[in-house]
Amino acid sequence: MLELERLVKSFGGVRAVDGVSLSVPQGELRALIGPNGAGKSTLFSLVTGHLRPEQGTISFESRQIEQLRPAVRARLGIAITFQTVRLFRGMTALENVMVGAHSWTQHEFIEAALRLPRHFREEPKIRERARAVIARAGLEHWADSPAESLPLGQQRSVQIARALCSNPKLLLLDEPAAGLRGEERRELSELLSRLREEKLTMLLVEHDISFVSAVADRVTVLDLGHVIAEGTPAEVRGNEAVIDAYLGSVAGDGAVTGS
Amino acid sequence: MRFLRSLTGANLPASVATVVIGAVTLILPMMLNAPDLITYVTIGLSTMVVAGLSLLIGFAGQVSLGQGAFYGFGAYAAAIMALHGWPPLLALVAAVAMTAAIAGIVGAVLLRLEGHALAFGTLALQLIFLSVLNQTPSFTGGAVGLTSIPSLTIGPIAISSYRSYAYLVWVVAAAVLVVSRNITRSRPGRGLRAMATSPAAASATGVNVVSYKLRDFALSAAFAGLGGAIYAFFLGYISPDAFPVMLSIEFLIMVVVGGLGTISGAYVGAAAITIISQVLTAIGTAPTLPPQLPNVLSEGVYALLLIALLRFVPDGVVGLASRITKRLLPTRWRPVAGHKVAPAPAPGRVVLEDAGSPDHDAAAADPGQGTSPAREALSRPLTSTDG
Chain H
7 MLELERLVKS FGGVRAVDGV SLSVPQGELR ALIGPNGAGK STLFSLVTGH LRPEQGTISF
67 ESRQIEQLRP AVRARLGIAI TFQTVRLFRG MTALENVMVG AHSWTQHEFI EAALRLPRHF
127 REEPKIRERA RAVIARAGLE HWADSPAESL PLGQQRSVQI ARALCSNPKL LLLDEPAAGL
187 RGEERRELSE LLSRLREEKL TMLLVEHDIS FVSAVADRVT VLDLGHVIAE GTPAEVRGNE
247 AVIDAYLGSV AGDGAVTGS
Chain Y
209 MRFLRSLTGA NLPASVATVV IGAVTLILPM MLNAPDLITY VTIGLSTMVV AGLSLLIGFA
269 GQVSLGQGAF YGFGAYAAAI MALHGWPPLL ALVAAVAMTA AIAGIVGAVL LRLEGHALAF
329 GTLALQLIFL SVLNQTPSFT GGAVGLTSIP SLTIGPIAIS SYRSYAYLVW VVAAAVLVVS
389 RNITRSRPGR GLRAMATSPA AASATGVNVV SYKLRDFALS AAFAGLGGAI YAFFLGYISP
449 DAFPVMLSIE FLIMVVVGGL GTISGAYVGA AAITIISQVL TAIGTAPTLP PQLPNVLSEG
509 VYALLLIALL RFVPDGVVGL ASRITKRLLP TRWRPVAGHK VAPAPAPGRV VLEDAGSPDH
569 DAAAADPGQG TSPAREALSR PLTSTDG
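Chains H and Y are the protein sequences, given in the same order.
Per the numbering used here, the first sequence runs over residues 7 to 265.
Per the numbering used here, the second sequence runs over residues 209 to 595.
Treat the hints as calculated values from the structure; they're not laboratory data.
Heads up, the beta-carbon is just placed ideally off N, CA and C, and yes, glycines get one too.
Some hints here could point you the wrong way.
Below are the SDA-like pairs computed for lysine to any residue, each with C-alpha atoms no more than 25 Å apart in a straight line [to be verified]:
id, chain 1, residue 1, chain 2, residue 2
1, H, Lys-175, H, Ser-155
2, H, Lys-175, H, Pro-157
3, H, Lys-175, H, Gly-33
4, Y, Lys-534, H, Arg-95
5, H, Lys-175, H, Ser-109
6, H, Lys-131, Y, Val-386
7, H, Lys-205, H, Val-78
8, H, Lys-131, H, Leu-82
9, H, Lys-205, H, Arg-137
10, Y, Lys-534, H, Glu-246
11, Y, Lys-534, Y, Ile-229
12, Y, Lys-534, Y, Val-228
13, H, Lys-205, H, Gln-61
14, H, Lys-131, Y, Asn-390
15, Y, Lys-534, H, Ser-155
16, Y, Lys-534, Y, Gln-343
17, H, Lys-131, H, Pro-157
18, H, Lys-131, Y, Asn-416
19, H, Lys-131, H, Ile-116
20, H, Lys-205, H, Asp-150
21, Y, Lys-534, H, Pro-157
22, H, Lys-131, H, Leu-197
23, H, Lys-175, H, Gly-244
24, H, Lys-131, Y, Thr-392
25, Y, Lys-534, H, Ala-149
26, H, Lys-175, H, Ser-27
27, H, Lys-205, H, Gly-144
28, H, Lys-131, H, His-113
29, H, Lys-131, Y, Ser-419
30, H, Lys-175, Y, Arg-393
31, H, Lys-131, Y, Val-228
32, H, Lys-175, H, Gln-70
33, H, Lys-175, H, Glu-128
34, Y, Lys-534, H, Asp-150
35, H, Lys-175, H, Lys-205
Which chain H residues face chain Y? A few, computed with CB under 7 Å, are given here [said to hold, decoys possible]:
id, residue
36, Ile-86
37, Phe-94
38, Ala-118
Construct the complete structure from the given sequences, taking the supplied hints into account.
So, in structure tokens, the structure goes:
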């Protein structure tokens, strides 16, 4: 479903992503891990469209997308959650999620202003869909609260719900567990597992191997812009190159064991 | 009361306020004398402009300091067409369409700017407008302006008395407010509010940011043009002096006074500032006072007002009123659920707004696209004390 072919992106002479290829089949939850500076965030931005590669191709459902803008990719069915939670302020959790419906609805200024038929056709569908994903993300309690007043864990879930409201074929998650502890972390992991059971294709960028092991089907490990290993979580954890990369760069960081 | 509530979709205090303000607005023209009717009409015209500006600043987070230019453009376009023999109503409609079209063309270039730059760009637009007026006397009457603009006629009804203008303006302003409110409570309205927080996140969520900005800009200009066109017919003469840069600043202050992110605030802000400006003029033009006093007074008072509001009442009069009623009213009358309501968070710890920021390489995904809600966007170019 998602194919990356020999992608290259450099910043001032440093090859942040240096010939990365990977392929995520339909229905798989693929994790992309690596120590700080491995190129995960750059690779993520290449897939979202916030950065363009210098070389290589990105295909989504056999269509080349590496030159398309993020909004166009969103319309093709690629949804994103950011590492820094970016909820829309001054809106409730439910309204935030409803924004996600933009990709499959049409009614515009004039239709909304004059309350033309399409507004009345679409608005209940948007609300219904948003309520459904809010429930799926376990946020019923928070639906009508201002999004910015929610605890961090719930804000992350709202972000995921907003992405789900667009009915994505592919969900890209940038470090969804960053800053979460104990209970919040477990809830997030359960949500991701549920989505995986529903066969939603996901690409998860993560720092922490222990979190990834619990949810991912397969793991791709990056270091210094290269893929150094790929396999099931268990295979990857036993891989020499992976252990070296993590110990070599983040000795005191505790990333291997989880933070 | 339940009927009322379902009708307005709002909470009880807001519904009562709407009805009371509506009734007073409707009855007032019967009791006012001519000078006060002029003030009344001015408030209505400003409400149209401010509703549009509120959609732009309060919802989409784009600051315009050139709204006076669109107001003036609408006035001149309508006047010129009417003076060339167009039926006044047709001239009015065409003037609004032309203002929106001009804003669409100019906006396509101007809206590439953000924050301060956009504010100054729109300000420049107004200066260009004034300079064009002064340089084209054969067409626009130059510094003298245009006179003998005919009155509006709608079918067989001639709108000529101040009182009939008062009712016309009231109806049109109410329609503008309803249209604006409809937009804010719909798909495009949610898209606009999303954009104000983070264009990058909005666009990743499927909102076509560029097109939304442009449509919103054109719509706000159309509302300004509508106010300006009616103004031209109402007064019967216009000149560049009627559209100074200060007018744009006044519109902006009206938005802030009424409250960013509220549509009803447009009316409150327009009324408050129009009345304050009348009072200041009355004080400043008293005999024996220096002739420049009115200007000094109004500019000084506006500046203080703007700084004080942004500092102490950032959500404006409407926001303040809703906070007060919320505190005073028994629970069962409080709003059920809506975006201006803050229900008590469920038990547990509460993390403040920027809880997500301690992440390490947070900005890597899209540098330079910080979250800037409308109020910050506004306070930056204008107060710039902490810039």
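A quick look at each hint next to the structure:
1. H:Lys-175 x H:Ser-155: Measuring from Cα to Cα gives roughly 30 Å; hence the hint is violated.
2. H:Lys-175 x H:Pro-157: Judged against 25 Å, a Cα distance of about 28 Å means the pair is violated.
3. H:Lys-175 x H:Gly-33: OK: Lys-175 of chain H and Gly-33 of chain H at ~9 Å, within 25 Å.
4. Y:Lys-534 x H:Arg-95: 21 Å, holds
5. H:Lys-175 x H:Ser-109: With Cα atoms ~12 Å apart, Lys-175 of chain H and Ser-109 of chain H stay inside 25 Å; holds.
6. H:Lys-131 x Y:Val-386: 23 Å, holds
7. H:Lys-205 x H:Val-78: Given that 25 Å is the threshold and the Cα spacing comes to 23 Å, the pair holds.
8. H:Lys-131 x H:Leu-82: Holds. Lys-131 of chain H to Leu-82 of chain H sits at ~20 Å (cutoff 25 Å).
9. H:Lys-205 x H:Arg-137: Distance ~21 Å between Lys-205 of chain H and Arg-137 of chain H Cα, so the pair holds.
10. Y:Lys-534 x H:Glu-246: 62 Å, violated
11. Y:Lys-534 x Y:Ile-229: Since the Cα atoms of Lys-534 of chain Y and Ile-229 of chain Y sit roughly 19 Å apart, the hinted pair holds (cutoff 25 Å).
12. Y:Lys-534 x Y:Val-228: 19 Å, holds
13. H:Lys-205 x H:Gln-61: Given that 25 Å is the threshold and the Cα spacing comes to 31 Å, the pair is violated.
14. H:Lys-131 x Y:Asn-390: OK: Lys-131 of chain H and Asn-390 of chain Y at ~17 Å, within 25 Å.
15. Y:Lys-534 x H:Ser-155: Given pair Lys-534 of chain Y, Ser-155 of chain H holds - Cα atoms ~18 Å apart, limit 25 Å.
16. Y:Lys-534 x Y:Gln-343: 54 Å, violated
17. H:Lys-131 x H:Pro-157: 28 Å, violated
18. H:Lys-131 x Y:Asn-416: 20 Å, holds
19. H:Lys-131 x H:Ile-116: 19 Å, holds
20. H:Lys-205 x H:Asp-150: 29 Å, violated
21. Y:Lys-534 x H:Pro-157: 24 Å, holds
22. H:Lys-131 x H:Leu-197: Judged against 25 Å, a Cα distance of about 23 Å means the pair holds.
23. H:Lys-175 x H:Gly-244: Violated: Lys-175 of chain H and Gly-244 of chain H sit about 32 Å apart, past 25 Å.
24. H:Lys-131 x Y:Thr-392: 18 Å, holds
25. Y:Lys-534 x H:Ala-149: 20 Å, holds
26. H:Lys-175 x H:Ser-27: It holds: about 20 Å lies between the C-alpha atoms, which stays within 25 Å.
27. H:Lys-205 x H:Gly-144: 19 Å, holds
28. H:Lys-131 x H:His-113: OK: Lys-131 of chain H and His-113 of chain H at ~12 Å, within 25 Å.
29. H:Lys-131 x Y:Ser-419: Answer holds: Lys-131 of chain H to Ser-419 of chain Y is near 24 Å, not above 25 Å.
30. H:Lys-175 x Y:Arg-393: 28 Å, violated
31. H:Lys-131 x Y:Val-228: It is violated: about 35 Å lies between the C-alpha atoms, which goes past 25 Å.
32. H:Lys-175 x H:Gln-70: 16 Å, holds
33. H:Lys-175 x H:Glu-128: 21 Å, holds
34. Y:Lys-534 x H:Asp-150: Distance of about 17 Å is within 25 Å: holds.
35. H:Lys-175 x H:Lys-205: Holds. Lys-175 of chain H to Lys-205 of chain H sits at ~10 Å (cutoff 25 Å).
36. Ile-86: 5 Å, holds
37. Phe-94: 4 Å, holds
38. Ala-118: 4 Å, holds
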